[in-house]
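**Student:** Spelled out, the chains give:
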Amino acid sequence: MIAQQLINGLTLGVLYALLALGYTLIFGTLSFINFAHGEVSLLGAYLAWFAIARMGFAVIPACIFGIIITSVVGVIIERVGYKPIRTAPKLAMITVSVGFSYIVQTAIQLIFGTQPHEFKVISVASWNFAGITINSIHILVLIVSIILMVSLQLFIHYTKSGRSIRAISMDQDTAGLMGINVNATISLTFAIGSALGAVSSILMGMYYAQVYPMMGTSIGNKAFAAAVLGGSGSIPGAMLGGIMMGLIESIAGTVLNTQVREGVAFVVMILILIFKPSGILGKEVVKD
Amino acid sequence: MALLEAQHINMFFGGLKALNDVSLQAEEGKISALIGPNGAGKTTLFNVMTGFLVPTAGKVLFRGEEVQGLPAYKYVEKGLSRTFQNIRLLQEMTVLENVQLGCHHNMKQNLFDELFISPRCRREENESRESSMEALEFVGLGDLAGEKAKNLPYGHQRKLEIARTLATGAEMLLFDEPCAGMNTAEKAQLSELILDINKKLKKTVMLIEHDMRFVMKLSDTITVLAQGEWLAAGSPEEIQANPKVIEAYLGTKRKAVGYHVGD
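Protein sequence lines correspond, in order, to chains A and B.
Under full-length UniProt numbering, the first residue of the first sequence is numbered 1, with each subsequent residue one higher.
Under full-length UniProt numbering, the first residue of the second sequence is numbered 1, with each subsequent residue one higher.
Keep in mind the hints are simulated off the structure, nothing from the lab.
A portion of the hints provided could be inaccurate.
Some chain B residues judged to face chain A by a derived CB distance under 10 angstroms, without partners named [to be verified]: (1) E5; (2) H8; (3) T56; (4) V76; (5) N98; (6) Q100; (7) H105; (8) C121; (9) E137; (10) F138.
None of the values given here were measured: they were computed from a predicted structure.
Yeah, the Cβ is synthetic: ideal placement off N, Cα and C, and Gly gets one too.
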């Protein structure tokens with residue numbers, strides 16, 4: 001039982017982690033929580049569903065289509081909504097992001113309808129090992145997520161763009177004076193964050209075999225909590241936080257009962273933050 | 001010919017006139033200095049000339065082309081790079097990474113090169129590492145490349161900033177108080193380094209410095225500012241003999257100990 005929940009929890013956890021990476025990347029570069037990230041990411045799943053169900057795309061092209069458009073939408077929202085108020089108090093940006101979360105959610109309902117859509121896009125095979133059921137979606141989610149997380153770490157540390165992202169997250173002005181195009185780098189951060197979010201929502205749609213308009217908010221909130229739990233701005237922190245949220249949720253669902261599973265995950269988050277407010281891997285930074 | 005030129009710069013902050021109709025020229029291949037008592041507007045002028053501030057009025061010309069108002073990163077592309085009075089390094093990055101940032105504007109790779117680790121991506125990354133190491137070795141920090149910037153002692157951090165300007169490939173380097181906080185031996189070493197940068201690497205240098213011995217030894221030409229206004233310009237000998245300059249310094253000498261004109 002527990003072993004089964006570990007598999008389920010880990011699968012859910014890496015999906016939260018992928019989404020949490022978007023929150024943490026954007027927090028790292030602009031120091032604000034982008035509350036629209038969950039909804040924007042959900043666009044990825046809806047677009048993939050739409051491409052398959054209504055436009056007759058094959059699965060992989062449909063997913064790529066969803067990821068690219070979501071990425072573009074993320075960048076456009078940054079340019080239109082956040083860039084003009086980048087130097088304003090952070091509360092303004094946070095509020096604008098809450099606004100965008102409702103706008104995107106409403107747009108999803110208008111365009112794709114308020115009813116859940118079935119999202120069964122791959123044939124699911126499952127295997128039994130000593131009472132543990134593993135299906136092809138577990139495997140797909142784990143492989144894709146792990147590849148993306150490792151690639152992101154390599155990208156951030158060993159490429160020019162990655163170095164630029166780290167530089168502007170430390171000191172935008174200095175990075176600019178060193179010849180780094182700050183606006184382009186921020187756009188890139190939004191593009192990467194939104195693309196990872198889109199992948200997460202597509203895989204989440206496959207995992208639950210459906211997409212529904214409130215999905216962005218519900219998984220977005222957990223991923224946001226995971227990012228803070230792991231340490232805002234820390235990439236390994238977001239990964240760790242996401243996986244912890246998924247595991248706690250699944251195990252609490254079995255050991256206690258399914259009604260309290262989400263509550264327990266947040267109780268653990270609050271307890272950790274009380275003892276380590278900067279998050280598990282967050283730096284103890286006192287901002288002036 | 002003047003490589004960098006400021007023409008009739010006004011820089012007002014609200015009612016404060018930080019710079020009032022200031023002009024200066026930096027000749028190609030020379031070392032020029034900007035001096036003046038505290039609050040004269042030297043750093044403000046540096047900020048205007050490197051894109052950190054947009055002047056209220058006036059023009060900044062680089063190779064005869066107007067550059068004021070461009071975003072800061074464009075100045076590096078044009079060939080202008082600087083260091084800071086209060087050191088600005090990316091503290092959590094390694095020494096090498098800090099220098100590599102200076103190379104970024106020369107790297108043509110795009111996101112797809114990076115995602116698919118294309119040959120161009122690998123080549124440029126290697127080139128940037130090599131040229132960054134060269135710059136580090138030039139300033140004498142070659143063996144500290146892997147260290148985090150925040151772990152370097154103060155004098156080394158100043159040199160690291162200089163290495164970063166070298167790695168940009170810029171032909172004009174502006175150093176804002178490069179030897180602030182250094183002892184006599186370190187200053188002597190630094191003045192050798194700046195002379196090497198000028199003579200061996202053929203860079204045009206402009207610097208702000210309070211240490212008059214340092215300025216007089218290095219500079220080909222000196223511009224003096226006082227209270228936001230242009231006061232004088234000329235060779236070190238001319239400046240030392242200029243009564244207006246002496247007066248400006250003597251007038252503030254009691255408040256700001258440590259200025260020795262012609263010392």
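**Student:** If a hint holds in the structure, say so; if it doesn't, say that too.
**Tutor:** So, going through the hints one by one against the coordinates:
1. Interface hint status for E5(B): violated, as the beta-carbon distance to the closest one in chain A is roughly 20 angstroms, over 10 angstroms.
2. Interface hint at H8(B): violated, since its Cβ lies 24 angstroms from the closest Cβ of chain A, which is beyond the 10 angstroms cut-off.
3. The criterion of a C-beta within 10 angstroms of any C-beta in chain A is not met by T56(B), whose closest approach is roughly 19 angstroms, and the hint is violated.
4. With a least beta-carbon distance of about 3 angstroms to chain A, the hint placing V76(B) at the interface is held under the 10 angstroms criterion.
5. Annotation: interface hint on N98(B) holds; nearest CB of chain A at approximately 8 angstroms, less than 10 angstroms.
6. Here the hint on Q100(B) is kept, as its CB sits about 6 angstroms from the closest CB of chain A, short of 10 angstroms.
7. A least Cβ separation of about 4 angstroms between H105(B) and chain A falls short of the 10 angstroms threshold, and the interface hint therefore holds.
8. Hint status for C121(B) relative to chain A: holds, with the closest Cβ pair at about 7 angstroms, below 10 angstroms.
9. Interface hint at E137(B): violated, since its Cβ lies 20 angstroms from the closest Cβ of chain A, which is beyond the 10 angstroms cut-off.
10. Interface restraint check for F138(B): the shortest CB-CB distance to chain A comes to about 18 angstroms, outside 10 angstroms, so the restraint is violated.
Of the numbered hints listed earlier, those contradicted by the structure are 1, 2, 3, 9, 10.
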